[in-house]
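The whole structure should be built from the sequences, with the hints applied where relevant.
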Amino acid sequence: MNEIKDYFFSPKYECMDRAEREKLQGERLVELVKRVYENVPVYRAKMDAAGLKPEDVHGLEDLKKLPFTTKQDLRNNYPFGMLCDKKEDIVRLHASSGTTGKLTVVGYSQHDLDIWQECICRALAMAGVTQKDTVHVSYGYGLFTGGLGLHDGATKMGCTVVPASSGNTKRQLTLLKDFGADVIACTPSYAIYLATELENNGMKKEDLNLRVGIFGAEPWSDQMREEIERDLGITAFDIYGLSEISGPGVAMECKYKHGSHVQEDFFYPEIIDPVTLEPLPYGETGELVFTTLTKTGQPLIRYRTRDITSLNIDKCPCGRTTVRMNKVLGRDDDMLIIRGVNVFPSQIETAIMNVSGVAPHYMIYVDRVDNLDVMEIQIEVNEQTTADTVGKMEELRKKIASEIQSYLGVSAKIKLVEPNTIPRSEGKAVRVVDKRKI
Amino acid sequence: MSVKQLSVFMENKPGRLNKLTTALGKEGIDLVTLSIADTKDYGIVRFIARDNQKAYDVLKREGFAIERTELIGIEVPDQPNALADVIGLLEAADINIEYLYSFVVTAIDTAKILFKVSDTAAALELLQNKGIKLLDEKIL
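Quick mapping for you: the protein sequence lines, in order, are chains B and Z. So in our numbering the end of the first sequence lands on 438, straight run, no missing numbers. So in our numbering the end of the second sequence lands on 1140, straight run, no missing numbers.
Careful, some of the hints might be misleading.
Computed cross-link-like contacts, DSSO-like style, restricted to lysine-lysine with a CA-CA straight-line distance of at most 30 Å [claimed, not checked]: (1) B/Lys398 to B/Lys415; (2) B/Lys257 to B/Lys156; (3) Z/Lys1040 to B/Lys413; (4) Z/Lys1040 to B/Lys415; (5) B/Lys398 to Z/Lys1013; (6) B/Lys86 to B/Lys23; (7) B/Lys132 to B/Lys204; (8) B/Lys413 to Z/Lys1013; (9) B/Lys315 to B/Lys64; (10) Z/Lys1040 to B/Lys399; (11) B/Lys413 to Z/Lys1060; (12) B/Lys53 to B/Lys23; (13) Z/Lys1054 to B/Lys204; (14) B/Lys392 to Z/Lys1054; (15) Z/Lys1060 to Z/Lys1040; (16) B/Lys392 to Z/Lys1019; (17) Z/Lys1040 to B/Lys392; (18) B/Lys415 to B/Lys435; (19) B/Lys205 to Z/Lys1060; (20) B/Lys170 to Z/Lys1054; (21) B/Lys392 to Z/Lys1004; (22) B/Lys204 to Z/Lys1004; (23) B/Lys415 to Z/Lys1013; (24) B/Lys86 to B/Lys65; (25) B/Lys23 to B/Lys156; (26) B/Lys255 to B/Lys132; (27) B/Lys65 to B/Lys46; (28) Z/Lys1040 to B/Lys435; (29) B/Lys64 to B/Lys53; (30) B/Lys86 to B/Lys71; (31) B/Lys327 to B/Lys65; (32) B/Lys415 to Z/Lys1060.
These are calculated hints, taken from the structure and not from any lab test. Owing to the predicted nature of the structure, the values given are computational and were not obtained by experimental measurement.
Here you go:
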């Protein structure tokens, strides 16, 4: 593993005294509330309904009085009903596809793109990336924020950017090798796929010049990180973002890899109890909520991300004073409730890896048979896990089943399947098929 | 003196075995032995090819989950008690037989038996010392 020489891109804000930052955040919040009350009918209606005027908000301490924003608000006001700036001041539109219903659209002003790029630069600096590096972007380019987000940020830093986008893995490997990229940005599941494809294309990790990987857009486990780091010979960082707030870069891990630093001078995080909606103290697990303090195009107040995590204000050895968010346990809407037990696909993945020691391809099928939830997990057998006797295969199967039972408290039927039978994804991995009719 | 066997994990679905034999046949690879251990959901196809290394490379390239295992091959007279004697030797030495299969080549008065045992090295030494005729990959 190579040593990461990180540095502060914006030390003034990243290492600001916490009290001083809270003052700044409070001032920004007051301005934001005025702005949305005047320009966004949806927010004016929400605040009026709560009996709130912009004058009632004096600083951060008043944030908890403000109404929440949900994905449904964005859908109800599709496509431009949530804009704060005039439409002609919007310079970019991104959108994310929901599994149901309409697209969620986000309009960015030039100012919004600037702060997004600033966040990516801070993130790249955290991973020790400098303008001398070549950054290969394998996130999809388009309405999805991953590709263009990393692209613009790395361009602003002055890196050599390879806008590879997603797909055509064979060509990606050729580009990585021939252009000698130092940094790759993609989803963690695609990084694993690339690593396995290396060998199939007659290449070794030594043929690549990669040093750093910046991975996000889906939850991943520490075991996946170890596997990616080993198989690609890189240091892997987790980057967090969501299109509604600002795409990747809302938070980023430093080399101590103990939670991701939230760029909280721009995006103020809270953790709430998803049932009572009450704010929870630092350290407690609940739903992550963001307020975009400085955005102008489509700012959001107390946006419920559906991501389940916790916040940590302990001092980080890297020197940054920004709050860190722990790994996302799963999206609230990815969460499965199986016989009353909350199950996140990432936990199932961890359980499988605890037994087999490798990141297998797997798919979770949930169904309801005779009013009882049943979960079947199909796991691809690979070079490492195949054996010459049924006894050994059954032992593997039973070990995984019992690990899942003890780790999650819910039983699952484990089915071993042949290699390459589970569909591969080049964007966000689809891990769950829920066939229950409820 | 051991014999290498290849094992392939396969789902218990129509057409699977054909996929395997076609992949080998296309490359002109000849099978010497073939046996299947099966369950309701999947099976393990065990075989030895005339050119094992090539078979391994071909199947790996085609994306099969494949493993190599060391077996012991012996040749005994095709007559009563010949196999029993050998099994007795292994049992007396406390070596467990995980599985075995035999194949008889026609018009030859010996039978060839393949064993998967718990301790291959010990079994090989034992059988060699007792004068049992051991097979290597060429004899197959």
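Consistency of the hints with the structure:
1. About 10 Å separates the Cα atoms of B/Lys398 and B/Lys415, which keeps this hinted pair within 30 Å; it holds.
2. A C-alpha spacing of about 25 Å is found between B/Lys257 and B/Lys156, which places the hinted pair at or below 30 Å, so the restraint holds.
3. With a C-alpha separation of about 14 Å, the suggested pairing of Z/Lys1040 with B/Lys413 holds against the 30 Å cut-off.
4. Proximity of Z/Lys1040 to B/Lys415 is assessed by CA-CA distance (about 11 Å); at most 30 Å being required, the pair is judged to hold.
5. Between B/Lys398 and Z/Lys1013, the direct Cα distance comes to roughly 22 Å. Compliance with the 30 Å bound is thereby established for this hinted pair.
6. The straight-line distance between the Cα atoms of B/Lys86 and B/Lys23 is roughly 29 Å, inside the 30 Å bound, and the hint therefore holds.
7. Distance check on the hinted pair: B/Lys132 and B/Lys204 sit about 24 Å apart at the alpha-carbon level, within 30 Å; holds.
8. Straight-line distance between C-alpha atoms of B/Lys413 and Z/Lys1013 comes to about 19 Å, which keeps the hinted pair within the 30 Å bound.
9. The suggested pairing of B/Lys315 with B/Lys64 holds, with an alpha-carbon distance near 25 Å, which does not exceed 30 Å.
10. A distance of roughly 19 Å separates the Cα atoms of Z/Lys1040 and B/Lys399; the hinted pair therefore holds under the 30 Å criterion.
11. In summary, the hint linking B/Lys413 to Z/Lys1060 is supported, as the alpha carbons are separated by about 28 Å, within the 30 Å threshold.
12. Distance hint between B/Lys53 and B/Lys23 is fulfilled; the C-alpha atoms sit about 21 Å from each other, no more than 30 Å.
13. In summary, the hint linking Z/Lys1054 to B/Lys204 is supported, as the alpha carbons are separated by about 22 Å, within the 30 Å threshold.
14. Restraint check for B/Lys392 and Z/Lys1054: the C-alpha separation of about 26 Å stays at or below 30 Å, so the hint holds.
15. A threshold of 30 Å between alpha carbons decides the hint, and for Z/Lys1060 with Z/Lys1040 the separation of about 25 Å falls inside it, so the pair holds.
16. At roughly 24 Å between alpha-carbon atoms, B/Lys392 and Z/Lys1019 fall within 30 Å of each other, so this suggested pair holds.
17. Between the alpha carbons of Z/Lys1040 and B/Lys392 the distance comes to roughly 16 Å, so the proposed pair stays at or under 30 Å and holds.
18. This hinted pair checks out: B/Lys415 and B/Lys435 have alpha carbons roughly 17 Å apart, not beyond 30 Å.
19. A distance of roughly 19 Å separates the Cα atoms of B/Lys205 and Z/Lys1060; the hinted pair therefore holds under the 30 Å criterion.
20. For the given pair, B/Lys170 sits about 25 Å from Z/Lys1054 by alpha-carbon distance, which is consistent with the 30 Å threshold.
21. For the given pair, B/Lys392 sits about 18 Å from Z/Lys1004 by alpha-carbon distance, which is consistent with the 30 Å threshold.
22. Distance restraint check for B/Lys204 and Z/Lys1004: the Cα-Cα separation of roughly 27 Å lies within the 30 Å cut-off, and the hinted pair is therefore satisfied.
23. Restraint check: the Cα-Cα separation between B/Lys415 and Z/Lys1013 comes to about 14 Å, which is no more than 30 Å; the hinted pair holds.
24. Restraint check for B/Lys86 and B/Lys65: the C-alpha separation of about 27 Å stays at or below 30 Å, so the hint holds.
25. Straight-line distance between C-alpha atoms of B/Lys23 and B/Lys156 comes to about 29 Å, which keeps the hinted pair within the 30 Å bound.
26. Restraint check for B/Lys255 and B/Lys132: satisfied, since their Cα atoms lie roughly 19 Å apart, inside the 30 Å limit.
27. Between the alpha carbons of B/Lys65 and B/Lys46 the distance comes to roughly 11 Å, so the proposed pair stays at or under 30 Å and holds.
28. Pair hint Z/Lys1040 plus B/Lys435 holds up; C-alpha atoms about 24 Å apart against a cutoff of 30 Å.
29. With a CA separation close to 14 Å, the supplied pair B/Lys64 and B/Lys53 stays within the 30 Å bound.
30. Restraint check for B/Lys86 and B/Lys71: the C-alpha separation of about 22 Å stays at or below 30 Å, so the hint holds.
31. Restraint check for B/Lys327 and B/Lys65: the C-alpha separation of about 28 Å stays at or below 30 Å, so the hint holds.
32. Our distance criterion of 30 Å between C-alpha atoms is met by B/Lys415 and Z/Lys1060, whose separation comes to about 22 Å.
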